[in-house]
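Peer 1: Here are the chains, one letter per residue:
2 protein chains.
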Amino acid sequence: MSEIHHIPVETLRQQVTGIFRNAGMTAANAAAVADVITDAERDSCKSHGIYRIEGCLRVIAAGRASPDAIPRVLEGDTAIIEVEAKGGFSNPAFEAARATLAARARKLGLAALVIRDCLHFSALWHDVEVLAGEGLAALSMCPSYAFVAPAGGTKPLLGTNPMAFGWPRPKDHPYVYDFATSMVARGEIELHRQAGKPIPEGWAIDAEGHATTDPEAALAGSMLTFGGHKGSAISTMIELLSGAMLGEIMSKEALEATGGKAVLPRHGALILAFSPEVFARRSGRDPLAEGERLLQAFNLQGARLPSQRRFAARALSLEKGVPLTTAEVDRLAHFREHGLRGLET
Amino acid sequence: MSEIHHIPVETLRQQVTGIFRNAGMTAANAAAVADVITDAERDSCKSHGIYRIEGCLRVIAAGRASPDAIPRVLEGDTAIIEVEAKGGFSNPAFEAARATLAARARKLGLAALVIRDCLHFSALWHDVEVLAGEGLAALSMCPSYAFVAPAGGTKPLLGTNPMAFGWPRPKDHPYVYDFATSMVARGEIELHRQAGKPIPEGWAIDAEGHATTDPEAALAGSMLTFGGHKGSAISTMIELLSGAMLGEIMSKEALEATGGKAVLPRHGALILAFSPEVFARRSGRDPLAEGERLLQAFNLQGARLPSQRRFAARALSLEKGVPLTTAEVDRLAHFREHGLRGLET
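Chains A and B, in that order, are what the protein sequence lines are. Taking the numbering used here, the leading residue of the first sequence gets 166, the next gets one more, and so forth. Taking the numbering used here, the leading residue of the second sequence gets 166, the next gets one more, and so forth.
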């Protein structure tokens with residue numbers, strides 16, 4: 166039985182930051198990437214937590230991510246703020262541009278952040294939660310790898326294309342959702358394959374486009390979107406708005422660019438920020454108070470809000486420390502002392 | 166057997182316009198409402214076609230819609246264009262503001278249209294299709310009546326909250342989706358009730374919040390969203406962005422305002438317009454050509470695009486006339502000659 170160690174959140178953050186500094190990242194880059202990884206681990210969002218450190222180190226070691234990229238913010242004079250990530254991770258690019266984005270949204274009512282040429286591995290909830298914390302509503306989306314077939318199609322054309330939304334709550338954690346538009350994560354199908362178990366109907370089709378419950382056939386075929394043709398339409402919108410519209414690559418090119426593997430390609434990301442204060446100005450109503458009426462009614466009838474489980478995990482981590490297994494603690498120590506050295510390639 | 170009459174599209178448009186002129190609408194108001202109704206009938210989108218004429222006449226007769234409202238466009242100097250519908254239908258308000266919205270989106274890259282205090286009965290695809298025809302991507306949403314429970318909830322709090330998206334295609338009809346975020350339209354459940362047939366699982370819950378296949382219990386309980394907790398999250402976002410954020414009423418208030426009936430309340434609507442040309446400017450890529458690569462790949466593998474059936478019906482209607490039954494033709498003639506007079510109240 167593995168022992169559980171409770172590491173204070175800020176201790177973990179310093180350790181992760183140190184690992185990335187040792188890998189050649191600038192202080193700003195290391196801090197931004199360590200923040201999203203530490204915050205995810207803190208929130209028990211394990212798929213985007215410290216598990217991601219190794220992947221980040223490997224793309225740096227392979228020369229595919231620039232650890233010392235200095236993001237360049239192009240403020241312009243429109244409702245669009247652009248930031249060139251220059252082949253670095255998306256997170257420092259977002260950090261470099263977020264104050265400009267927030268100021269522009271407060272001035273114009275809404276503004277868009279376009280992140281160009283970035284490596285994107287992190288959960289989208291982090292950015293929209295940050296913006297919601299500044300009193301802004303935010304909608305974030307990006308393409309990924311084309312593992313998903315459109316409704317009625319037979320071959321992968323769409324990514325698992327995540328979408329996240331944040332809404333500010335004055336006295337509470339913001340309302341935040343963040344999900345892939347695929348029915349499930351690809352890793353779920355892989356887990357079924359490893360366990361030798363069939364997958365439920367509706368998750369995937371085989372290489373000929375027929376419904377399948379065989380995880381092998383699913384992995385060789387296409388995943389499906391959530392919500393049938395409606396989910397497929399939303400995923401298509403994400404390809405068009407955060408791929409085609411930005412002039413950045415779409416999920417099909419992303420997969421081709423990496424030789425068919427789900428390693429991080431360089432693509433774009435789109436974040437829309439809205440100022441409820443500016444939008445509601447002429448109405449005489451308080452938009453956040455209106456939002457509270459709805460969200461509190463959810464809770465009154467026992468409906469859980471999308472990030473409630475994550476916020477509960479956060480509270481526990483902040484009180485008791487982040488729970489890590491001995492294997493995880495050892496892995497962190499290895500990365501701190503040796504980086505990737507001594508690990509399988 | 167009912168005979169089918171083929172009425173030229175423009176003849177139908179003139180007839181519908183005349184009906185609304187007779188009901189006291191200004192020329193601009195009658196034209197805008199007649200356009201969305203005629204275009205829906207032309208596209209075989211029967212639920213939003215001439216069937217809607219009677220409802221429009223009734224809300225005017227009841228004094229709940231202003232037939233002679235003159236929409237007021239507030240251009241401002243932000244990315245938000247506001248238009249006060251002044252208790253008229255949403256369509257003339259959109260028409261009054263669309264050129265300003267398009268110009269602002271071309272100038273700033275993106276802009277939002279806020280329609281205030283309108284009666285909204287029409288399909289959202291019409292507005293996003295118009296904007297896509299002008300080379301803009303558009304995302305439209307509005308609240309409706311609270312007939313839908315959130316995921317994990319027991320009582321209605323959300324509307325059937327539609328969302329529509331349009332993307333311009335230089336040599337083809339735009340890419341357009343438009344759907345309710347409820348699993349099905351309320352009318353579908355009503356049809357099952359009338360036929361004495363059970364509804365599929367997942368459509369609704371009863372008044373105690375338990376899953377039900379009984380249409381009576383469903384109508385007395387709550388509908389569910391499409392796509393489980395993901396669809397519920399999107400529906401919630403629509404309440405927050407197009408209700409709370411605008412300082413306009415949300416679906417729960419809308420239903421309360423009409424005494425629990427699905428008659429048109431006065432609420433707001435939100436339409437975002439994006440200029441792909443401005444967004445892609447620095448990329449050196451043609452965003453619409455990129456979009457074509459994706460959408461043509463859909464067609465190559467036989468995946469139907471969301472509005473393809475509608476565009477096919479349109480082509481037939483433009484060639485042969487809009488197919489109407491004798492009963493429909495007679496009803497139109499009655500409205501033309503007598504308005505609501507002689508009909509049941």
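Honestly, I wouldn't trust all of these hints.
Given that identical chains are not distinguished, each listed pair holds provided it fits within a single copy or across any two copies.
With a Cα cut of at most 30 Å, we get these calculated DSS-like pairs of lysine-lysine [unchecked claim]:
id: 1; residue 1: 336; residue 2: 320
id: 2; residue 1: 251; residue 2: 272
id: 3; residue 1: 272; residue 2: 211
id: 4; residue 1: 362; residue 2: 272
id: 5; residue 1: 485; residue 2: 320
id: 6; residue 1: 251; residue 2: 485
id: 7; residue 1: 336; residue 2: 485
id: 8; residue 1: 362; residue 2: 485
id: 9; residue 1: 251; residue 2: 336
id: 10; residue 1: 485; residue 2: 211
id: 11; residue 1: 336; residue 2: 272
id: 12; residue 1: 272; residue 2: 485
id: 13; residue 1: 336; residue 2: 362
Think of the hints as simulated: they come from the structure by calculation, not from any bench.
Peer 1: For a quick check of understanding: which of the numbered hints are violated here, in increasing order?
Peer 2: When the structure is compared with the hints, numbers 3, 4, 5, 6, 8, 9, 12 and 13 turn out to be violated.
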